[in-house]
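S.K.: Heads up: the sequence lines are chains Y and C, in that order. Position one of the first sequence corresponds to residue 1 (the numbering used here), numbered consecutively onward. Position one of the second sequence corresponds to residue 1 (the numbering used here), numbered consecutively onward.
Bear in mind the hints are in silico, worked out from the structure with no lab data behind them. Heads up, a few of these hints could be off.
Stated by the list, open to error - Keeping only pairs whose Cα atoms sit at most 25 Å apart, straight-line, the calculated DSS-like set for lysine-lysine is:
#, chain 1, residue 1, chain 2, residue 2
1, C, Lys49, Y, Lys31
2, Y, Lys31, C, Lys205
3, C, Lys245, C, Lys233
4, C, Lys289, C, Lys140
5, C, Lys205, C, Lys140
6, C, Lys49, C, Lys205
7, Y, Lys46, C, Lys49
8, C, Lys236, C, Lys258
9, C, Lys205, C, Lys289
10, C, Lys235, Y, Lys46
11, Y, Lys31, C, Lys233
12, C, Lys245, Y, Lys44
13, Y, Lys31, Y, Lys44
14, Y, Lys31, C, Lys235
15, Y, Lys31, C, Lys245
16, C, Lys233, Y, Lys44
17, C, Lys205, C, Lys215
18, C, Lys235, C, Lys258
19, C, Lys205, Y, Lys46
20, Y, Lys46, C, Lys140
21, Y, Lys46, Y, Lys31
22, C, Lys140, C, Lys235
23, C, Lys235, C, Lys245
24, Y, Lys44, C, Lys215
25, C, Lys233, C, Lys215
26, C, Lys236, C, Lys140
27, C, Lys140, C, Lys76
28, C, Lys235, Y, Lys44
29, C, Lys205, C, Lys233
30, C, Lys140, C, Lys233
31, Y, Lys44, C, Lys236
32, Y, Lys31, C, Lys236
33, C, Lys205, C, Lys235
34, C, Lys140, C, Lys49
Stated by the list, open to error - With the Cβ distance kept under 7 Å, some of the chain C side facing chain Y (calculated, not the full set):
#, residue
35, Asn127
36, Cys150
37, Val151
38, Ser153
39, Asp174
40, Ala210
All figures in this text were calculated on a predicted structure; none of them were measured in a lab. A virtual CB, placed ideally from N, CA and C, is assigned to each residue, including glycine.
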Amino acid sequence: MRCIINGEMIDLPAHIRTVAQLLQHFRIHEKIAIVEVNANIIMKEKYEHTAIADGDRIEIVHFVGGG
Amino acid sequence: MDRYSRQQLFAPIGERGQQSIREKHVLLIGAGALGAANAETLVRAGIGKITIVDRDYVEWSNLQRQQLYTEEDAAKRLPKAIAASVHLRAINSDVVVEPIVADADARLIEHIVGRHRPDVIIDSTDNFDVRMIINDVSQKYDVPWIYGACVGSYGLSYVVIPNETPCLRCLLEDVPFGVATCDTAGIISPVVHMVVAHQTAEALKICVHAQVNRKLVSFDTWHGQYHMIDVHKLKKDDCPSCGPKRTYPALQYENETKFAVLCGRETVQIRPAHRGEREWTTLLSFLTKRGIQVEQNDYLFSFTVNSHRFVVFSDGRVLIHGTNDVQEAKRLYYQYLG
Numbered sequence: 001m002r003c004i005i006n007g008e009m010i011d012l013p014a015h016i017r018t019v020a021q022l023l024q025h026f027r028i029h030e031k032i033a034i035v036e037v038n039a040n041i042i043m044k045e046k047y048e049h050t051a052i053a054d055g056d057r058i059e060i061v062h063f064v065g066g067g
Numbered sequence: 001m002d003r004y005s006r007q008q009l010f011a012p013i014g015e016r017g018q019q020s021i022r023e024k025h026v027l028l029i030g031a032g033a034l035g036a037a038n039a040e041t042l043v044r045a046g047i048g049k050i051t052i053v054d055r056d057y058v059e060w061s062n063l064q065r066q067q068l069y070t071e072e073d074a075a076k077r078l079p080k081a082i083a084a085s086v087h088l089r090a091i092n093s094d095v096v097v098e099p100i101v102a103d104a105d106a107r108l109i110e111h112i113v114g115r116h117r118p119d120v121i122i123d124s125t126d127n128f129d130v131r132m133i134i135n136d137v138s139q140k141y142d143v144p145w146i147y148g149a150c151v152g153s154y155g156l157s158y159v160v161i162p163n164e165t166p167c168l169r170c171l172l173e174d175v176p177f178g179v180a181t182c183d184t185a186g187i188i189s190p191v192v193h194m195v196v197a198h199q200t201a202e203a204l205k206i207c208v209h210a211q212v213n214r215k216l217v218s219f220d221t222w223h224g225q226y227h228m229i230d231v232h233k234l235k236k237d238d239c240p241s242c243g244p245k246r247t248y249p250a251l252q253y254e255n256e257t258k259f260a261v262l263c264g265r266e267t268v269q270i271r272p273a274h275r276g277e278r279e280w281t282t283l284l285s286f287l288t289k290r291g292i293q294v295e296q297n298d299y300l301f302s303f304t305v306n307s308h309r310f311v312v313f314s315d316g317r318v319l320i321h322g323t324n325d326v327q328e329a330k331r332l333y334y335q336y337l338g
């Protein structure tokens, strides 16, 4: 499956089907990330049940602490 | 008033806006890379007063990006708040600059905000413990604050307006911990300036009573990414910081990260506010990349940086051996563990 993630076309392994699996794939802790799929913000409790599809435009924002 | 003429020519500010900026008080928490750049921009813009809180001193490794400081400051190990105030007064003597050399804990921030009611608080800290304190104080005293943070070439910023926008706790279900820090993943100066450009633009808007940007902005200056997310849907009715039944958890002693000297052992113990299993993979890979050897068993891992040995238990508790100084332990803890 190919998705546009943070502006870049990325080929994802076939087993990644949900937002939760996507975050796990990129090793991003669910609780500190905000995810938008096709310009819709996804509530954290729905990560496991939100499917992603070929061609989806996904934005992942993760919080950092440096400064 | 030729000094501010170009800023006044900018229609959304104008002469009235400039006068309004002159009457405003900014509280800046942290005087590192973000703090130095925020302070310089606002002082040049003619802010009325700026209070700068920082517990640290200037080191050589700061000079690459912490724009206010000089080699002389590093050689003298001047406290950052003091060095910053000397340079800021030389830049603009119209501005009242108030340095506070202290650890920005809940009591201090609440004292300053409660007594002086600044018009805006700017976050230039390097850790989420302090950010959660700023977030709660902002709600309690109805003062807006502007989050800013960066690591590597990635940065983000967000404005919290009490009673209007979701607060930081609405956006974060957990405090990021053991993720990348400037001391594990590095940092380049351009991203600092991009974060500060967003923070100071929003601060000026607050000063002239203009509408702020309510979106969470994130960007990567190296990879050319920029994105804004409308987060209003994330406002939580049951948020303990901004909801109707708020308890301001970050202002309560039992929720503080606690630092204690273990007598006679040259060791400081840290008990983080947020207990529970942690994800350490990122930290471990950064340490390994930096050539720092990590020893691990089922219960803890440990590593040594310079003369300090860090022991991190699986419940999040940390021992730092090789110091009796709580302030030094604090600096090391946030530098390496975020």
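S.K.: A separate judgement is required for each hint: does it hold in the structure or not?
M.R.: Evaluation of the provided hints:
1. Lys49/C x Lys31/Y: 37 Å, violated
2. Lys31/Y x Lys205/C: 31 Å, violated
3. Lys245/C x Lys233/C: At roughly 19 Å apart (the allowed maximum being 25 Å), Lys233/C and Lys245/C satisfy the hint.
4. Lys289/C x Lys140/C: The given pair, whose Cα atoms are some 42 Å apart, is violated under the 25 Å limit.
5. Lys205/C x Lys140/C: 22 Å, holds
6. Lys49/C x Lys205/C: Holds, because 16 Å separates the two Cα atoms, which is no more than 25 Å.
7. Lys46/Y x Lys49/C: 45 Å, violated
8. Lys236/C x Lys258/C: 28 Å, violated
9. Lys205/C x Lys289/C: 42 Å, violated
10. Lys235/C x Lys46/Y: 16 Å, holds
11. Lys31/Y x Lys233/C: 16 Å, holds
12. Lys245/C x Lys44/Y: Distance of about 22 Å is within 25 Å: holds.
13. Lys31/Y x Lys44/Y: 7 Å, holds
14. Lys31/Y x Lys235/C: 15 Å, holds
15. Lys31/Y x Lys245/C: Satisfied, since the Cα-Cα distance of roughly 22 Å is no more than 25 Å.
16. Lys233/C x Lys44/Y: Distance of about 11 Å is within 25 Å: holds.
17. Lys205/C x Lys215/C: 14 Å, holds
18. Lys235/C x Lys258/C: The hint is violated at about 29 Å.
19. Lys205/C x Lys46/Y: Violated, because 35 Å separates the two Cα atoms, which is more than 25 Å.
20. Lys46/Y x Lys140/C: 31 Å, violated
21. Lys46/Y x Lys31/Y: 12 Å, holds
22. Lys140/C x Lys235/C: Roughly 17 Å between the alpha carbons, so the hint for Lys140/C and Lys235/C holds.
23. Lys235/C x Lys245/C: Holds, at roughly 14 Å.
24. Lys44/Y x Lys215/C: Answer holds: Lys44/Y to Lys215/C is near 18 Å, not above 25 Å.
25. Lys233/C x Lys215/C: Holds: Lys233/C and Lys215/C sit about 11 Å apart, inside 25 Å.
26. Lys236/C x Lys140/C: 17 Å, holds
27. Lys140/C x Lys76/C: 39 Å, violated
28. Lys235/C x Lys44/Y: The given pair, whose Cα atoms are some 12 Å apart, holds under the 25 Å limit.
29. Lys205/C x Lys233/C: It holds: about 23 Å lies between the C-alpha atoms, which stays within 25 Å.
30. Lys140/C x Lys233/C: Holds: Lys140/C and Lys233/C sit about 22 Å apart, inside 25 Å.
31. Lys44/Y x Lys236/C: 12 Å, holds
32. Lys31/Y x Lys236/C: 14 Å, holds
33. Lys205/C x Lys235/C: 23 Å, holds
34. Lys140/C x Lys49/C: 22 Å, holds
35. Asn127: 5 Å, holds
36. Cys150: Constraint on Cys150/C satisfied, holds at 6 Å.
37. Val151: 4 Å, holds
38. Ser153: Status violated, d = 11 Å.
39. Asp174: Hint holds; Asp174/C Cβ to chain Y Cβ min 4 Å, cut 7 Å.
40. Ala210: 25 Å, violated
Of the hints listed earlier, those the structure fails to meet are numbers 1, 2, 4, 7, 8, 9, 18, 19, 20, 27, 38, 40, in rising order.
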